[in-house]
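Enquirer: If you count the sequence shown from 1, position 180 lands on 180 in our numbering, and the numbers rise without skipping.
Incorrect hints may appear among the rest.
Simulated restraints, written as ranges between beta carbons of each label pair [as the list claims (entries may be wrong)]: (1) L49 x T423: 56 to 62 Å; (2) G364 x Q469: 33 to 39 Å; (3) N306 x E447: 23 to 29 Å; (4) T343 x V279: 43 to 49 Å; (5) E44 x T173: 18 to 24 Å.
In silico lysine-lysine, DSSO-like type, Cα no more than 27 Å apart, as pairs [unchecked claim]: (6) K325 x K5; (7) K325 x K286; (8) K5 x K47.
Hints are computed from structural coordinates only; laboratory data are not their basis. Beta carbons: idealized from backbone N, C-alpha and C, even for Gly.
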Amino acid sequence: MTWSKFSGPGAVNFQNASSEDTTAIFSAPGDYVLRLTASDGNLESTKDLTVHSGVTPVQLINADINAPRAGSGSLSDGVVTVSGAGNDIYGSGDQFHFYYTEVTGDFDFRARLASKTISATGAHTALMARQSLTANSIHAAVSQEGTGSTYLMQRASTGGSTTINIGSAVTNTPPTWMRLARSGDSIRGYISDDGVTWTEKGPITPALPSTVLLGFAVSNSEASNSAALNVATFDSISGLRSGNVGAVVAAGPDQNITVLQAALTGSSTDDGQPNPPGVLSTRWTKISGPGTVDFTNANSLVTNVNFSMAGNYVLRLTADDGQVKTFDDIFITMPSAFGSWRTAKFGALAGDPSVSGPDADPNGNGLANLAEYALGTDPLAEGSGNVLRSEVENDRLKLSFTRDEAATDVTITVQASDALEGTWTDLARSVAGAPFAPLQAGISVQENGGGPVVDVVLVDAYAISDPAQPRRFLRVLVTED
1 MTWSKFSGPG AVNFQNASSE DTTAIFSAPG DYVLRLTASD GNLESTKDLT
51 VHSGVTPVQL INADINAPRA GSGSLSDGVV TVSGAGNDIY GSGDQFHFYY
101 TEVTGDFDFR ARLASKTISA TGAHTALMAR QSLTANSIHA AVSQEGTGST
151 YLMQRASTGG STTINIGSAV TNTPPTWMRL ARSGDSIRGY ISDDGVTWTE
201 KGPITPALPS TVLLGFAVSN SEASNSAALN VATFDSISGL RSGNVGAVVA
251 AGPDQNITVL QAALTGSSTD DGQPNPPGVL STRWTKISGP GTVDFTNANS
301 LVTNVNFSMA GNYVLRLTAD DGQVKTFDDI FITMPSAFGS WRTAKFGALA
351 GDPSVSGPDA DPNGNGLANL AEYALGTDPL AEGSGNVLRS EVENDRLKLS
401 FTRDEAATDV TITVQASDAL EGTWTDLARS VAGAPFAPLQ AGISVQENGG
451 GPVVDVVLVD AYAISDPAQP RRFLRVLVTE D
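Assemble the whole structure, with the sequences as input and the hints as a guide.
Expert: What follows is the structure in C-alpha cells.
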C-alpha cells in the first residue's frame with residue numbers, strides 16, 4: 001500500500017508513504033490529488049483523495065448559457081455533479097450549463113470524467129475556460145462528445161466559429177481523464193485513460209483575458225423539452241484555485257545552537273483575504289523536543305525562545321487569516337552539554353561510541369567517559385590519578401573528589417552501603433551542575449574552588465569504630481539526565 005502525489009502545484013512529503021494512516025506536508029498552496037495504491041502482487045487498485053492545502057475550497061457558481069431548459073451543479077466530497085440541457089457547444093453561439101469559478105493567470109485544471117448519461121452529437125461534458133457568460137464568448141475546452149470522442153476545441157474570437165478536433169480526437173469512454181492548462185497566452189489540452197500517460201493537443205491561443213471563467217460545461221443535445229438531461233460526474237479534481245490563498249509563512253532557517261536560547265525571525269505575507277476581517281494572526285508553538293519552551297512573545301514573528309534543557313526541538317510558526325491556516329517548521333539542534341564535551345575532547349571521533357560514548361573508557365583508568373565528564377577529568381590522559389580519595393578523619397570516612405559545574409545534564413550521587421552487593425543509600429546529590437546537598441542526617445558535604453571544577457569533600461555520619469557498623473563502602477554514581 002503506497003501513497004503518492006497524483007497532481008498539484010507543489011511537492012508532497014509523506015511521513016510514511018507505506019502506511020494507511022500518515023501525514024503529508026505540501027510545499028505550495030493549492031489543490032492536490034493524492035493517490036492510495038494497493039497491490040497484492042497481481043492486481044492493483046487505487047483511490048484518490050482531493051486535498052485543499054493552504055487555500056479555501058473552491059466556490060463554484062451555476063450559470064445557464066443561452067437559456068437551456070435546465071441545469072444544475074454541485075460539489076460534495078471532492079466530486080462534482082453537473083446536470084445540463086442545451087443544444088450544443090458549437091458554431092458561433094453555445095447553449096449549455098456551466099459550473100465555474102474565476103481564475104486569474106496560468107492554470108492546470110484536471111479532472112476525471114467518471115460518468116455521463118447522454119452520448120450523442122452535441123452532448124458535451126467538458127473542462128472549459130471562457131471569457132464570459134454570453135453565448136458567443138471566446139472559449140477553450142477539452143470535451144468528450146457523442147459516444148466517446150474527446151478533443152481540444154476553441155472559439156478563438158468573440159462571435160467566431162468553433163473549431164473542434166484540434167490535433168485530432170481521442171476515442172475513449174468514461175472514465176476519461178481531462179486536463180486543460182494555460183501558460184501565458186498558450187492553452188493545451190490533455191487526454192488520458194489513467195491520469196498518468198497523457199496525449200497532448202495544441203497549443204492554441206484564443207484571445208482570452210487574464211481572468212477567465214474556468215469550470216465544467218455540460219449539454220445534452222436536446223431536440224425537444226422532453227429530452228433527458230445529461231448528468232456528468234467528475235472527480236480527482238485539481239487546479240481550480242479559490243479566491244483566498246493562505247499566508248506564505250517562513251519560520252526561518254534551521255539553527256544549531258549551544259545555549260538554551262534562540263532568536264526566531266519568522267516572516268509572513270498574505271493576500272488580505274477574507275475581508276472582513278482582513279487581519280492575519282501568527283503564533284509560535286512547540287511541536288517536539290525534550291523540554292519545555294518559553295517564547296518571549298509567541299504571537300510575534302520576531303521573538304526569542306528559551307529552552308528548559310538541551311536537545312533537538314521542532315518549533316512551528318502558524319499564520320491564520322480567519323479561513324486558512326498555514327505553517328512552517330524550524331528545527332533547533334542543541335547538543336547536550338555532554339555532547340559538546342564529547343566533541344571538544346574527541347574531535348573527529350566524537351561520533352564513535354566505542355571511543356566517546358558515555359560507557360567507553362579510552363584511557364583505561366577505570367572511569368567511563370560520563371564519569372570523567374561529571375568529575376572534570378581528562379578522558380584521554382594516561383593513568384588514573386587520585387580521582388576519588390578516601391581517608392579516615394575523626395573516626396569518620398571522608399571522600400574527596402572533583403565536580404565540573406559545566407556538567408549540567410548529569411546527576412551525581414554519593415551512596416553508602418555495608419556490602420558491595422547490598423542496598424545503597426543516597427547520602428548527597430548534585431543535580432544539573434548545582435552544589436551538592438546532603439540527603440541524610442549527620443552528612444557533611446563541602447565544596448571549595450572558583451570553578452568550573454570544584455573540590456568536593458563529604459564526611460560520612462557513621463563512626464568507623466562503631467561495632468554495629470563493621471564495614472562501610474562509599475561510591476559516586478553518575479547518571480545522564
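Enquirer: Against the earlier hints, flag every one the structure doesn't satisfy and list their numbers going up.
Expert: none
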